[in-house]
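Colleague: What follows is each chain in one-letter form.
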Amino acid sequence: MSTSFNIKRGLNIRLKGQAEKVFAEIPASETVAIKPTDFVGVRIRPIVNIGDEVLAGTPLAYDKDNERIKFTSPSSGEVVEIKRGEKRKILEIKVLADKEIRYVPFQKANPDDLSREEVINRLLESGIWPLIIQRPFDIIANPDDNPKAIFISAFDSAPLAPDNDFILHGHGEEFQTGLNAVAKLTDGKVHLSISANTPASKVFTNSKNVQINKFAGPHPAGNVGVQIHHIDPINKGEIVWHLTPQDVLIIGRLFTEGRYNASRVVALTGSEVSKGKYYKTLIGASIKNMVADNVKDGSLRYISGNVLTGTKITADGYLGFYDTQISVIPEVVEPEFLGWITPGIDKFSISRTFFTWLLATKNYTLNSSLNGEKRAYVVTGEYERVLPMDIHPVQLIKSIMIGDVEQMENLGIYEVAEEDFALCEFVCTSKINVQALIREGIETVQREC
Amino acid sequence: MRLFNENVREAVKLLSKLLDTIKPHFEEGGKLEKMYPAFDAISSFLFVPAHASNSGVHIRDGIDLKRTMITVVLAMIPCLIFGIWNTGHQHYLAIGEFTDIGAGLMEKMLFGMAKVLPIVAVSYTVGLTIEFIGAIIKKEQVNEGFLVSGMLIPLVMPVDVPLWMVGLATVFAVIIGKEVFGGTGMNILNPALTARAFLFFAYPTKMSGDFVWVNTATDAGQSLVDGYSGATPLAQAIDNGDKITSVAGQPISFMDMFMGYIPGSVGETSTVACLIGAAILLLTGIGSWRVMLSVFVGGYAMALIFNTFSLNPFMSVPPLTQLVMGGFVFGAVFMATDPVTATQTNTGKFIYGFLIGFLAIMIRVFNPAYPEGMMLAILFMNVMAPLIDHYVVQANINRRLKRLKTA
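Sequences listed follow chains C and Z, in order. In terms of the working numbering, the first sequence opens at residue 96 and continues consecutively. In terms of the working numbering, the second sequence opens at residue 6 and continues consecutively.
These aren't lab readings, by the way, just hints derived from the structure by calculation. Careful: at least some of the hints might be erroneous.
[Said to hold, decoys possible] A few chain Z positions that, by computed beta-carbon distances, are all more than 12 Å from chain C:
1) I27
2) L110
3) Y129
4) G232
5) A240
6) N312
7) L384
[Claimed, not checked] Here are the simulated lysine-lysine pairs, DSSO-like style, with alpha carbons at most 27 Å apart:
8) Z/K143 to Z/K36
9) C/K103 to Z/K407
10) C/K243 to Z/K410
11) C/K372 to C/K391
12) C/K469 to Z/K143
For each residue, glycine too, the CB sits at the ideal point set by N, CA and C.
Could you build the full structure based on these sequences and the hints that come with them?
Modeller: Now the structure itself:
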C-alpha cells in the first residue's frame with residue numbers, strides 16, 4: 096500500500112560536482128569529534144577529562160536539561176581536547192581515535208522481543224538517541240513523549256545530495272531491524288517516503304512494518320518537513336519524530352551487532368572537488384583525509400552538509416553529527432564590476448533576468464557570494480514558488496520579525512524547520528536570512544509555551 | 006578585441022583602486038564620515054561587493070534588487086522611445102506638417118527629445134538627490150526603488166507640464182509617498198502615481214482638459230491646422246463613443262489607438278510599447294502575471310457589462326477599445342504590478358488586479374471629471390491591498406484551525 100504525492104513547487108539548483116557512485120578508500124580519520132553546536136538548543140555538559148580513555152559508545156557528555164540524553168564517542172581512543180570558544184562555549188570534544196575501534200558491548204537483541212521502554216533505553220544508553228529529531232521545533236526528541244507518527248525520508252533532494260539507494264544497497268537486513276526498532280517507538284505509523292523520480296532501491300520498497308509513500312518533484316520534495324506536511328500535518332500540541340535512512344542503519348546495527356557502530360557513508364561533492372566519491376567514515380570524523388590533494392586551487396569553502404543547510408567548517412574540520420555530505424565551493428573574493436547589469440552567463444537564478452535560463456542543461460559553479468546586499472522586502476511571490484506547503488512564508492517571517500507568537504502559531508510555525516525555508520533564502524532578492532529567522536521564531540515559541 | 010578587453014580590465018582595476026584610496030575618508034573618523042551612504046551607493050553601483058553568505062545558505066540566487074529594478078526600467082524603454090516620437094508626431098499633426106506616420110522621423114524624435122528628456126532629467130535629479138540626502142540623514146544604504154519611480158513619473162505626465170511641477174511632484178512622491186513610511190518596500194501607495202495624483206488635484210488645469218496633451222507652440226510661419234482639437238480619446242468618448250478623431254480632425258481607428266498615435270501622457274499611449282514591456286517583465290519573471298492578467302479581465306468584464314446597458318455613448322464603447330484608450334494598459338503593466346503596493350499573496354493578486362480593471366473602467370465612464378480612472382483605481386486598491394491579504398491569510402489560518410478541530 097503506498098500513497099503518491101506530486102510536489103510541484105520547488106527548485107533543483109543545478110550544481111557541478113556530483114559524487115561518482117563508487118566507494119573510495121582513505122586512511123581512517125586520526126581524530127573524531129562531537130560538536131555540541133550540531134545539537135540545536137541543547138546545553139551540553141561534558142563528563143570526560145583530557146587524557147581519559149574511551150570506547151566507541153562511552154558517554155562524552157550529556158544534555159543538562161535531560162540527563163537521559165547522552166552523547167557518546169563514535170570511536171575508541173583518548174580524549175585529547177575540549178575546544179572552547181567565546182564565553183567558554185564548548186565547540187568540540189576531540190578523541191584521538193584507535194586504529195582498531197574497540198566498542199562498549201551492548202546486548203544483541205531482536206527489537207520485536209523488546210518493549211518500547213527497553214528500545215528507548217538502549218538507544219539512550221548507546222548515544223544513538225540524538226539522531227531522532229522531533230517536530231515541532233526540529234530538536235532532539237524527548238524520550239518521554241509518544242509521537243503520533245515517525246517519518247523517514249528515503250531520499251535527499253538537496254543540491255548534490257548523496258544517493259541513499261546506492262548507500263543502502265545490500266544493507267536490507269540491518270535497515271529492516273532498524274525499522275522494527277523504530278516502529279516500537281510510536282503507536283502510530285512509521286512513514287517511509289521514497290522518490291518517485293527514480294526507481295527506489297529494493298531495500299526501501301521491500302521494507303515491512305512501514306507505510307510507504309511516494310514523492311515526485313523538485314527539491315524540497317525530499318525534505319521530511321514537506322513530506323509530513325502532505326502526509327499528516329502537525330497540529331498544535333502534536334509531536335512527530337523523524338530520522339534518516341543512515342540513522343536507521345545505525346539503530347539496526349545496535350541490535351544486530353550489539354554495539355554503537357557509528358559508520359557513515361559520506362559523499363564528497365561540489366565544483367571544487369577534483370574526484371568526488373563516496374567514503375566510508377565515522378560520525379564526527381575529520382574531513383582532512385578526504386579533501387587532502389583532492390580539491391582545486393583557490394580560496395575554498397568547506398561545508399559539512401549541503402550548500403543550503405550545511406555548516407561551514409575548515410579543511411581539517413569534522414563531519415557534523417547529522418551530515419552525510421561534504422560540499423566544497425569557491426569562496427567569493429573579488430567585487431564584481433557592474434555585476435547587476437552584466438548578462439551573467441555564469442549566474443544561476445530562478446528569475447530569468449540572466450540569460451542562463453536559455454541553457455537549460457548547464458551545471459553551475461556557484462561561489463559563496465551574496466550577489467547583492469540586504470534590503471527590505473520588495474519582490475513578492477518568490478518564496479511561494481519554492482515552498483510546497485500550504486503556508487504563507489513571507490507573512491510567517493514577518494510575524495517572527497515582530498515577535499507575534501499567536502500569529503506564528505496561526506501561520507504554521509509548528510510545521511516548519513530551517514531546511515524547509517532554505518530555498519526561500521536562496522531565491523530571496525532582498526537577501527534576508529530566512530533560516531536564522533525561522534530558528535528565532537521557533538525559539539520564541541518554545542520560550543512562550 | 007583582446008587589447009580592448011585588457012584596457013577595460015586595467016581601467017576597472019584603476020577605478021577599484023581609486024575607490025579603495027578614497028574610502029578611508031568616508032569611514033568612521035574620516036573627514037567625510039557623514040557622506041558614507043552616498044559613497045557606499047556609488048561604489049556598490051560600480052562593483053557588486055564581495056559580501057559572502059555567512060549564515061544559512063552558502064550560495065545565493067544571482068538576482069538582487071538593483072537587477073530587478075534595472076529590468077523594470079529596461080521594460081519601460083519602448084514606452085519612452087515611442088513617447089518621444091509621439092510627442093513630436095502629435096505636435097507636427099497639430100501644425101499640419103509631416104502628417105504621415107512615416108514622415109519626418111528625425112524631426113519628430115528631436116522635437117520629442119527636447120520636450121521629454123528634460124522631464125526625465127528633472128525627475129531623476131530631484132528624486133535621487135532626496136534619496137541620497139535621506140540615506141545620509143538616516144545613516145542607511147541608498148535604496149534602488151527610485152530607479153523605477155524616476156522613469157515612471159515622466160511617462161505619466163502630459164508633455165506640456167511645467168518642469169517645476171515635475172520637481173515638486175517628485176519631492177511630494179518621494180517624501181510623503183515613500184520615505185515617511187520607511188523607504189522602499191514600506192510604502193502604501195505607488196510613488197509615481199502619488200506624484201501624478203498630487204499634480205492632478207493641485208494643478209488640475211495643467212493635468213487635464215484638452216490643452217495639455219499636445220505641444221502646440223508654433224514658430225514663425227507655422228499655424229495650427231483647421232479644426233484642431235487636443236482632446237484625448239477618453240475625453241471624446243464621453244460624447245462620441247468609439248468615434249474618435251485625431252488632433253487634426255481625422256478619424257482614428259482601433260489600430261491607431263492600439264499603436265498609440267493619439268494624444269495622452271508621454272508614455273501611456275502605445276499599447277504595443279506597453280505590451281513589449283509586459284513581455285519583458287513576464288519573461289524575466291519580474292512582473293506578476295496574476296496581477297496583469299486579472300486587471301485586463303476586470304476591465305474587459307466591466308466594459309462588457311456597460312455594453313449590455315449602453316445608456317450613453319461611452320458605455321457602448323467596445324471592451325477592447327476601452328482597454329486601449331488612456332493609461333489602462335500602461336497602468337496594468339507597470340503600476341498595478343508594483344510588488345510593494347500590490348497584494349502579496351498569490352490569491353490576493355487575482356482579486357486585486359480584477360478590481361483595479363473593474364474600477365478603472367467604472368470610474369472613467371461614470372465620472373467624466375476623472376477620465377483617468379486607472380490612476381484612481383490603482384491608488385484605491387493600493388490602500389485596499391492589505392485588507393485583501395488579511396482575508397486570504399485568515400482563510401489559511403482557518404484551514405489550519407479546522408484541521409486541529411477535526412483531527
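Colleague: Next pair to validate is C/K103 with Z/K407; report whether the Cα-Cα distance is within 27 Å.
Modeller: holds, 25 Å
Colleague: Check the hint pairing C/K243 with Z/K410 against an upper bound of 27 Å on the C-alpha distance.
Modeller: holds, 16 Å
Colleague: Taking 27 Å as the top limit, are the C-alpha atoms of C/K469 and Z/K143 close enough?
Modeller: holds, 16 Å
Colleague: Please check whether the beta-carbon of Z/A240 is more than 12 Å away from every beta-carbon in chain C.
Modeller: With a cut-off of 12 Å, Z/A240 remains clear of chain C, as the shortest Cβ separation is near 36 Å.
Colleague: Check whether the Cα positions of C/K372 and C/K391 lie no farther apart than 27 Å.
Modeller: holds, 15 Å
Colleague: Please confirm whether Z/Y129 is truly not at the interface, meaning its C-beta sits more than 12 Å away from all C-beta atoms of chain C.
Modeller: Non-interface label on Z/Y129 holds, nearest chain C Cβ at 17 Å vs cutoff 12 Å.
Colleague: Over 12 Å to the closest beta carbon of chain C is the bar; see if Z/N312 clears it.
Modeller: Given a closest Cβ separation of 34 Å, the condition holds.
Colleague: Decide, holds or violated, for the assertion that all CB atoms of chain C are farther than 12 Å from the CB of Z/G232.
Modeller: Since the minimum Cβ distance to chain C is about 48 Å, Z/G232 lies beyond 12 Å and the statement holds.
Colleague: Taking 27 Å as the top limit, are the C-alpha atoms of Z/K143 and Z/K36 close enough?
Modeller: holds, 18 Å
Colleague: The output says Z/L384 does not contact chain C. Does that hold with a beta carbon cutoff of 12 Å?
Modeller: holds, 19 Å
Colleague: Could you check that no beta carbon of chain C comes within 12 Å of the beta carbon of Z/I27?
Modeller: Holds: least Cβ distance 15 Å, greater than 12 Å.
Colleague: Grab the minimum beta-carbon distance between Z/L110 and chain C and tell me whether it stays above 12 Å.
Modeller: It holds; Z/L110 is separated from chain C by about 29 Å at its closest Cβ, greater than 12 Å.
Consistency note: the structure conflicts with none of the earlier hints.
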